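**Student:** Take a look at the letters that make up each chain.
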Amino acid sequence: MKNSKRMSYAGILSGLLLTLSVLLMACGDNTATTAPAAATTAAGVTVTSTTVAGQAATTAASTAATGDKFKVAFVYVGPIGDGGWTYAHEQARLKLVAALPNVEATYLENVAEDPSTSEAVFTELAQKGNKVIFGTSFGYMDPMVNVAKKFPDVKFEHATGYKTADNLAVYQVRQYQPRYLAGIVAGKMTKTNIIGYVAAFPIPEVVGGIDAFTIGVRSVNPNAKVKVVWTNTWYDPGLEKTAAQSLLNAGADILAQHQDTPSTLQAAQEAGKYAFGNDSIMESYGPKAHLASPYWDWSPYYIDRVKAAMNGTWKTGSYFGGFKEGVVDLSPLNSVVPDDVKKMVDEKKAALKAGTLDVYAGPIKDNTGAVKVAQGATLTDDQITAIDYLVEGVDGSIPK
Amino acid sequence: MSLRQRAVKELEIQKTLVALPPRQIYPSTAALAVATPVLSVLVALVIAAIILFLSGKDAFFILTEIVHTSFIQNFSETVVKAIPLTLAALGVSLAFRARLWNIGAEGQFYGGVLVATALALGFPGLPAPVIIPLMVAGGLLGGAIWGLLPGLLRAWLDVNEIISSLMLNYVALLLTDYFIFGPWRDPKGFNFPVTATFSDAARLPVLVTNTRIHLGLVFAIIAAALVWLLVSRTKWGFELKVMGDNLKAARYAGINITRNIVIAFLLSGALAGLAGMSEVTGIAGRLQQNLSPGYGYTAIIIAWLARLNPWAIILVAVLFGGLVSSGFTMQRVGVSSGLVTLLQGIVLFCVLGGESLYRRLLYQAALRRSNQGSNQGPDQLKDKES
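As they're listed, the protein sequences go chains A and B. First residue of the first sequence? That's 21 in the working numbering, and the numbers climb one at a time after it. First residue of the second sequence? That's 71 in the working numbering, and the numbers climb one at a time after it.
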């Protein structure tokens with residue numbers, strides 16, 4: 021008995037020592053990231069930006085001398101190293117900092133969407149002197165509305181939401197435009213005529229994306245089908261990969277995705293198939309499999325809005341930018357894509373930029389055969405942002 | 071040692087422990103009971119400060135900023151977080167007392183959320199004095215139903231409650247998703263997965279102006295008082311404790327174990343359901359995804375750290391509320407999210423480590439005392455064998 025007691029003390033003690041040494045190692049890592057060299061995150065992603073963030077953070081922490089700077093904050097739902105949605109916003113934040121040297125832009129990552137946590141976070145940011153606060157996830161909507169009411173002098177910007185106020189604007193990009201172009205590539209490249217689509221939640225942004233992608237597929241290959249799997253999560257790399265594999269097992273040879281991470285692409289790379297990225301250019305996660313990524317560049321909007329807030333010309337609004345505004349794009353195509361397809365994509369891209377091509381131009385039928393958009397008609401922006409049906413050619417349904 | 075010998079020895083030890091008055095097993099040696107958590111937190115803070123210092127941060131500035139933000143300037147937000155944590159932790163503490171491992175507070179939370187939401191959406195015209203008591207009852211009921219399932223399975227079929235209650239969490243989450251994406255979706259919500267906002271009458275009133283502290287705080291305090299009465303002043307509470315200490319002894323003593331398991335799960339679930347009800351009606355005002363950032367799981371840790379003491383649960387819940395929000399304060403002043411998680415882990419590690427150390431000290435003290443009292447203590451048993 022006595023011995024075993026001593027043993028367990030030793031156990032606790034060695035456990036403590038072990039933890040301490042791990043911690044010290046972790047600190048070593050952390051100091052490494054602040055050094056002026058490209059650092060590698062746990063996910064294996066090379067993030068050159070960490071240095072900038074680290075420096076900005078140190079200055080913020082060490083002194084109050086940054087008082088003259090115009091303070092802006094970003095609230096992210098995921099980690100900046102997600103390689104997709106949050107990564108894209110973080111890249112835009114860094115461009116903002118580079119473009120406007122008088123701006124101090126901090127960020128908080130992994131901020132949960134529950135109203136209790138997120139409202140406290142937005143409140144704290146507003147209290148601490150931030151003049152513009154960007155929230156980049158739909159779930160922050162009500163909390164942002166509440167906090168905006170309490171801080172009328174602070175400008176709030178909510179991505180993907182629909183509630184506005186005098187000091188609360190919403191912004192979103194026309195993700196469907198590059199997704200349509202991706203669909204054209206998929207339609208041309210598929211051999212099995214089954215294309216898989218790993219989708220997050222059946223919300224309009226995702227549903228409309230599947231539709232635009234499928235319209236692109238069917239415009240060049242009317243026999244192809246798009247099979248949809250819902251993961252009911254934005255950020256769950258393991259589950260996304262499993263979903264992608266299930267689509268590959270069902271005969272899909274090309275995968276598209278609407279998730280925050282590159283897991284779908286990684287699954288395709290492992291299986292020797294092709295896939296698209298999402299939100300950011302995800303090529304490095306699966307260079308062989310990567311056909312292209314529909315991606316968003318939020319920086320023009322961020323720079324404009326912060327400038328406006330500094331000049332006092334900021335006004336609320338609902339921003340919905342696309343190719344014309346230069347906030348969405350399809351990344352350069354994989355070299356395996358034939359030149360005629362590349363040319364076709366370039367032409368369509370030019371037409372989208374010029375505004376002569378409308379992805380949702382009628383006739384559009386849903387996948388039960390009902391006509392949703394008549395010949396000669398099209399969808400208004402309000403209809404696009406509330407779309408709730410899957411078009412003809414989609415093999416799947418919206419869970420209700 | 072043969073199996074039989076081991077069983078005999080085990081029985082001897084149990085006998086010794088049961089023979090001791092409960093106070094001696096869990097002595098309220100106040101000094102030790104208070105000193106352990108306080109020291110643990112201090113150790114954690116020192117380690118955290120060293121780490122912050124080593125990673126080039128101003129540890130003193132960061133720690134004062136945390137204390138200032140989470141416990142002074144925005145203390146109300148810490149309280150807001152502590153409300154559901156307290157209620158859910160009180161719930162699980164009841165089951166834990168009888169060593170029933172109810173890991174399903176998260177699901178029971180959503181059980182309460184669902185019934186409360188159904189009432190709020192179903193009767194938008196009712197005045198507050200009618201709808202709020204109705205929703206309180208509904209929240210209790212919803213949680214109780216979700217707690218009843220693993221309780222009945224355990225009581226009747228001896229199904230492992232850890233697994234069944236845990237699995238039901240996922241069922242509850244999916245059920246919630248079903249309602250948000252389906253029948254309850256706000257028709258004016260642009261097809262986003264949210265319900266319509268509740269009527270003002272169906273929102274729990276705010277208790278302190280200019281904060282979000284709502285009536286749920288009163289529920290939490292009343293619940294703590296009731297749980298305290300129940301476990302320390304009633305026969306049923308004593309029965310639970312006996313069941314927890316020794317199930318066989320409880321059975322021999324004629325305690326109705328089946329009934330008590332069911333009741334423990336019912337009450338446990340009801341309290342988590344009340345937590346869900348107060349969160350959805352007091353804070354959110356509509357049902358949306360991710361309503362709970364894992365309250366039901368944090369509640370388990372809180373209940374243990376509070377040693378299942380209802381009053382201590384309130385304190386620990388407030389500490390945890392602060393710990394959660396301090397993470398974002400640290401990020402704001404430049405500590406990376408990864409380091410924040412690490413620091414929170416250290417606090418937990420130290421507090422749990424201190425706790426197991428405390429338990430071990432108590433156990434030793436109890437053994438020593440039993441050895442002095444009789445010559446049949448476990449150590450003597452050991453000596454005889456060898």
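Just so you know, the hints here were simulated from the structure itself, not pulled from any lab data. You may find that some hints are simply not true.
Unchecked claim - A short, non-exhaustive set of chain B residues, derived as facing chain A with CB atoms under 7 Å: (1) 134; (2) 151; (3) 196; (4) 401.
These figures come from a predicted structure and were not determined experimentally. In this text, a Cβ means the ideal position worked out from N, Cα and C, and glycines have one as well.
**Student:** Tell me if residue 196 of chain B is really an interface residue toward chain A, meaning its C-beta lies closer than 7 Å to one of theirs.
**Tutor:** violated, 22 Å
**Student:** Holds or violated: the hint that residue 401 of chain B contacts chain A, with Cβ atoms closer than 7 Å.
**Tutor:** holds, 5 Å
**Student:** Holds or violated: is the Cβ of residue 134 of chain B closer than 7 Å to a Cβ in chain A?
**Tutor:** Violated. Min distance 12 Å.
**Student:** Please verify that hint: residue 151 of chain B, Cβ, nearest Cβ of chain A, below 7 Å or not.
**Tutor:** holds, 6 Å
Of the numbered hints listed earlier, those contradicted by the structure are 1, 3.
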